[in-house]
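Q: Letter by letter, the chains look like this.
Number of protein chains: 2
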Amino acid sequence: MAHYSRIDKIVIDLPESVHDRALAFWRDANGGPTGHSQRYPEFHWAQLRGQDIAMLVQRLDDGPAGVHLDIHTDDLDAEVARLEGLGAERVRQVHDWWVMRDPAGLLFCVLRDDPGRLTDANARRWD
Amino acid sequence: MAHYSRIDKIVIDLPESVHDRALAFWRDANGGPTGHSQRYPEFHWAQLRGQDIAMLVQRLDDGPAGVHLDIHTDDLDAEVARLEGLGAERVRQVHDWWVMRDPAGLLFCVLRDDPGRLTDANARRWD
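Residue numbers (the numbering used here), protein chains in the order written: chain R, -4 to 122; chain U, -4 to 122.
The set of hints was computed from the structure by calculation and includes no laboratory data. All of these numbers come straight from a predicted model, not from anything done at the bench. A few of these clues could be false.
Same chains, same names: a pair is fine if it fits in one copy or spans any two.
Stated by the list, open to error - Below are the SDA-like pairs computed for lysine to any residue, each with C-alpha atoms no more than 20 Å apart in a straight line: (1) K4 - R34; (2) K4 - S32; (3) K4 - D122; (4) K4 - G80; (5) K4 - H90; (6) K4 - V62; (7) K4 - C104; (8) K4 - D108.
Using the sequences provided together with the hints, build the complete structure.
A: As structure tokens, this is what we get:
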């Protein structure tokens, strides 16, 4: 069965020690509006003007700062399998998404999106 | 004088040793179309379906793989000064763009865009 996917989020990962300062920087660098996730309080988000994709800022307990991408899909199992077929590896499941590793060792996440949000107009269809 | 800026590119940085394999992965993960810069042959690009911003893949001589963001602006001096005022630092000039460092130590680039491309509809205006 066909499914959709796309790069949906740019995520800036910030260890606790620099989180507040760098969150303020990226919020002001990008301009508003911004929000704070109630369900996952380690995440703040910022809209990108005129864009359908968004920026997230994630607070880490520790570890290096970095940037990673989130891929959204309407069929998590099919998309993870497709990406494995292209050379990525599963690293671990976190909440209800998958952390994967690309062939260069870069981590990225694959998340289930709301049914119907991803369409031919804004995502890729994989038959 | 007012100027515009926005996050315009997601850049995946890949050292030579893994470049070809990881470029192929991201090209196929995202789907086409893709292209290769003639002016800067270390860059390949990929459109994101339905998005105005794009993904670049940069070949590095060495160094760790990573992801960084490009900010585009119609007034490079004003935008670099604005970002310095928010806590970023200039690192070095490369070709005609600036590499800067955010308060968490993350590198990003600031580039001059074509006049008129950035507008109230797709970018932030700074008065």
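Q: Any of the earlier hints contradicted here, and which numbers?
A: 3, 4
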